[in-house]
Every structure is written in C-alpha cells, then in structure tokens.
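For the record, the sequence lines run as chains C and F. To convert, note that position 142 of the first sequence is 170 in the working numbering; the numbers rise steadily by one, no gaps. To convert, note that position 214 of the second sequence is 242 in the working numbering; the numbers rise steadily by one, no gaps.
Treat each hint with caution, since some may be false.
Which copy is meant is left open, because identical chains are indistinguishable; a pair holds if it fits in one copy or across any two.
To be verified - Calculated pairs, SDA-like style, for lysine to any residue (alpha carbon to alpha carbon, straight line, at most 25 Å):
| no. | residue 1 | residue 2 |
| --- | --- | --- |
| 1 | 61 | 201 |
| 2 | 159 | 112 |
| 3 | 61 | 202 |
| 4 | 159 | 124 |
Bear in mind the hints are in silico, worked out from the structure with no lab data behind them.
Number of protein chains: 2
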Amino acid sequence: MLHGYDQIGMHFRMLSDRMRMDTFQRAISNVVKPGDVVCDFGTGSGVLAMLACRAGASKVYAIDRSNFIKTAAELCKANGFEDRITFLKTDARTVDLPETVDVLISEWLGNAALEENMLPPLIGLRDRVLKPAGIMLPGIVRIMAAPVRASNRFEQITFFSQPICDLDFQGLANPFAQERFWAHIEPEELIGEPQLVTELDMRTVSNGSLAETITLKFAEQGLCHGVALWFDAEVAPGVSLPTGPHAARTHWRQVIFPIGPTAIEVSPGHHMEVKISAHGAGSDVDWSWSIGVKTDITQDLHYSFSSI
Amino acid sequence: MLHGYDQIGMHFRMLSDRMRMDTFQRAISNVVKPGDVVCDFGTGSGVLAMLACRAGASKVYAIDRSNFIKTAAELCKANGFEDRITFLKTDARTVDLPETVDVLISEWLGNAALEENMLPPLIGLRDRVLKPAGIMLPGIVRIMAAPVRASNRFEQITFFSQPICDLDFQGLANPFAQERFWAHIEPEELIGEPQLVTELDMRTVSNGSLAETITLKFAEQGLCHGVALWFDAEVAPGVSLPTGPHAARTHWRQVIFPIGPTAIEVSPGHHMEVKISAHGAGSDVDWSWSIGVKTDITQDLHYSFSSI
C-alpha cells in the first residue's frame, strides 16, 4: 500500500509543475558553484539534487524519509550522478552529516508555505549542517494575504441550510463555514490588495510557527468571505516563485480562512484586522485565526476560529 | 487538526451525492418496519440512522470511530430522534450490543466496494448482532469489471518518457504505469461489456477479501489500457445503486488496474484473462492483479502487478 510521497502520482504533480521546476532549475544553476557541497532536504525524486550536480556540486547529501528514496537513487544512477549524490533515508530532525555544506536546498513548501510542517526540521538541519557563509535555497519566503470572495465554497455551505432527505442539517453549516479550505482563487475574487504577513529569511528564521496581526483594506464593494494566504518565494536572488492569485497557476493552492457562516458586505475604506497563527503538528499545522471587520454598519464584528 | 471523516467537507461530498442519498432513503423506507431495532455501522453524520427512525425503527445503535460522532448526535437531536438513537464511538470489530437487531445498515462502500476495508468489521458485527432472520442493507453488492481505454492517464505516463529539466526520468514511467488509479470512466472508454467479478450476498459473505479470475471480451477495435472495477449495489430489493461508467455519476469513482507500461491494440474476438485479488490492510486494501491478453499478434501477453 503506497501513501503520499511513495506514490508516483504525487511526484508527477510536482515534476509537471513547470513554474516549480523552472524556478528551482534557474535558482540552482545561479547559486550552486563548481565544487560546492550541497544538502537537499526532502529530495523526493532527487530532481533538485541532480540539478545541483549539473550546476557543479562535488557532493550532494539527499535526505528523505520516504521509501521513494530508492527510486530516487535509481533515477540518479540513470543520469550518471551516483558518484556524487548520497541518499539518506532518515529523519532530518536527527540526521547529521560528515561535513558542513555550502548550499542547503529544500523544496519544503506547502500551501501558504507552512502546511506540511517541514520548516522546523529544516531550521534544525540548517543550524547543524550549513557553513556560516552558506546559502539557503529558497532564500526568502514571503507569506502573503488578501481578502477574498469565495462564492463557490459558500454555495456548498448553503447546501446544509436546506433539508437533506427532509432532515435538518443546518447544524453543519456553521462548523463547515469555519473550516479552512484550499482553492485556486481567481484575480477577480480578490477584493483588496495583497499584504505581507511575514517574511521568512531562511538564513535567520528561528522557528516554524506563525503569529501575526495584519490589517487588510478592501478595494472594492462586494461580499467578503474570508482571507486567502499563499507564499511568494525568492528561490534565489532574482528568481521568484509567486503562488498567489495573480501568478501563473502552480500545483500549490491558496489557503482560505473563512470569516464565518455569513459573508460580510464591504466597501472601499473598510478594513479587516486579521490575527493568524500556525503551529506545527505532525505533518500538518494547526491554524487559528480571528478576524475583526470594521465597516460602516457593523462596528467591529469579530470572529475567532481554530483548525484544531 | 481534522482528518478524513472528521472533516465536514467529506460529509458534504457524501450527503450531496443525490444517487447515494436517494437510493439509501428508498431502501431504508422499504425495509425498516415500525418497531425494528437497527444498527448503523459507520454512521458518519447519522443520516441513515435518522432515516431508519423515520421509517419506524424503535431503536438505532449508530456506530462510528470518528470524532464526528459528537456532531452526528447533535444533528440527531435537532431532528428530534435523540430518544431512539444511541451513538457509540467505538471500534466495530470489538463492540457488542445489548440486543440483537432486525436490520444492519451500513454505507461501508469504498471504490470498487472494497476500498476503505470496511467489509471485514461489518461481517464480524453482523455475526454478533444480527438476528437470524435479520436483514442486511445493502443486501447484495456486485463487483463489476470491464476493459477500458484510459488515454488521459497514459498521457501522464508518457510525460516521464521525456526529459524533465533535461534529466532522464524514464525510470518512473514503468512503475507509474503499474499503479492503480481512480477515474470517472466515460461510457465510450469501455471497450467491452461489463462482467461480474463477484457477487457479495451480505447475509452470507464470510470474508472481506477478493480472489477471482474472470475473462473479459473486447467488443471493439482500439487501445486497451487496463481493467476498470466498480460496484453495483442492490441496496434493498428493487432499489439499486449502480456506480459504473453507464450510471449517473456519483461521488464514487472506478478503480483502474493498468495493463502495464504500454497500451495493447485489441479487436473484437480477442479477450483478456484477469486474476485479481484484494486483501484488507488497515483502512485500505492491497490489490494485486495479473492480466493475460489473447490477441492475434501477441500470444498470451502476461502482466502481473501489485499495489503493495
């Protein structure tokens, strides 16, 4: 029985994501110098480790805890890099390497960057294996937010307001409206400018949690259903990987944190204050968020939710 | 952090599946008689337990191991059935009831019936709690198979035959072509008549495994990519729930077992012999299959695969 990253379909999704592959390929070719020692955390199919070899790395330590690492080693051999890549099937939280590395590569990014909770083990690995002047790739990850309409989802919520087989299921509408969800938000569903939630400088970030308060302004009149989060990565200087609604579509989706069971009518000049936090929990994160909306009619409506 | 059946989105998918709800509603109203004692295994949102109450059940034991059972109990209360439904958050493999039941209801059906591996615990529960003259609902579950074209998937496999970032990933094409997958097969993708793989009489079926050999005939000329499996349930006498390519679309999909890395050109008169087995493994099943194709050109081509 295959699970998650053991399934080739999962790797198909990632390897066929042109934006993902193009930016990482360019970033690695710009950053990795001949003779560099490299570590690739969460190597998956080994593709980034092989790109590091092609950029001139003399040695790559490729770490993954998935069984798929055997397949990665075979692909590496088929491409003639077996002398330079050492695959380590291990937990990155405890592994140490026989030498420090010049570049620590990792495609650790989940939706809104933090989902999949790979940042904490990456930070620990960085502190153990990266040379003082070493380079993190990606270098900067920005978590962005914007207020959004998400009518499709709210039609699903409305479904529970009507009888199902003549039974009352209204009790599911409110909790359903409080679950975060994932979508490809279209640019026209943005109802305010994206704002920076936090900028993670991968050389210095010291924990994998998030706890921020931001103010989002509404740019147009209409319904607001919640707040979307995504990441824009600067994989290397000048090589960016945006995953927001305005960017070319990738296999990443935006994470939408709903405002509650009903949409709010908003206008330009109104704003919302969003407190959002994320804490790692296994291979996921527990999110909590509270949203205060300041409109003409509703003075400081306030909603608090948690994904736990 | 919510998982699987704890998430309301999962229940939305099932409750908004009209075919599913209509057939179970009709079946329960036909089968459950006033005064019946009923057990509902895997009650989820509690919808089937409530329908049993409405059909006249005097008592329903609703079993589920998900945390969602608390929500089910609240929905039950909102519908006025709290005096008649007892929710038991427990493992069906070990639970016993204070009395035997007239009807054992369960929407235990995964893709190709067996996925999710709920049949073995249902059989055990039946043997402990169902009265000798008691009724199983669904009553009959037929697992069906047909040879299919599945060109979309094979385009994905072809993706690995081409370089990715100028690296050779052909090593993934063969194993990817041997993974079972899920799809809504269109009627025009069937290239032979559906055949019965096995008929599960729910009153007598004694294990949750499958080990069958069937012969499938090709009805038209073209490419064959593999064998699709699905189920057609007779939820109650005269109330059927078909989930094959010719049926109205439900939230269930067909399970496709590929023939291997390349499609086979077939013609009317050719046939394939399919050995297929499924054995429960946790909340999934391990499948293995071997396919022998008898065409004019290829004498008894033979492929064997396993999902493990």
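Against the structure, the hints:
Proximity of residue 61 and residue 201 under a CA criterion of 25 Å is satisfied in neither setting, with 55 Å inside one chain copy and 32 Å between copies. Taking the shortest alpha-carbon separations for residue 159 and residue 112, only the intra-copy value of 19 Å comes in at or below 25 Å, while the best inter-copy value is 67 Å. Within a single copy, residue 61 and residue 202 get their C-alpha atoms no closer than 54 Å, and across copies no closer than 34 Å, so neither meets the 25 Å cut-off. Taking CA atoms no more than 25 Å apart as the test, residue 159 paired with residue 124 passes inside one copy only; the shortest distance there is 13 Å, against 61 Å between copies.
Hint violations for this structure: numbers 1 and 3, all remaining hints satisfied.
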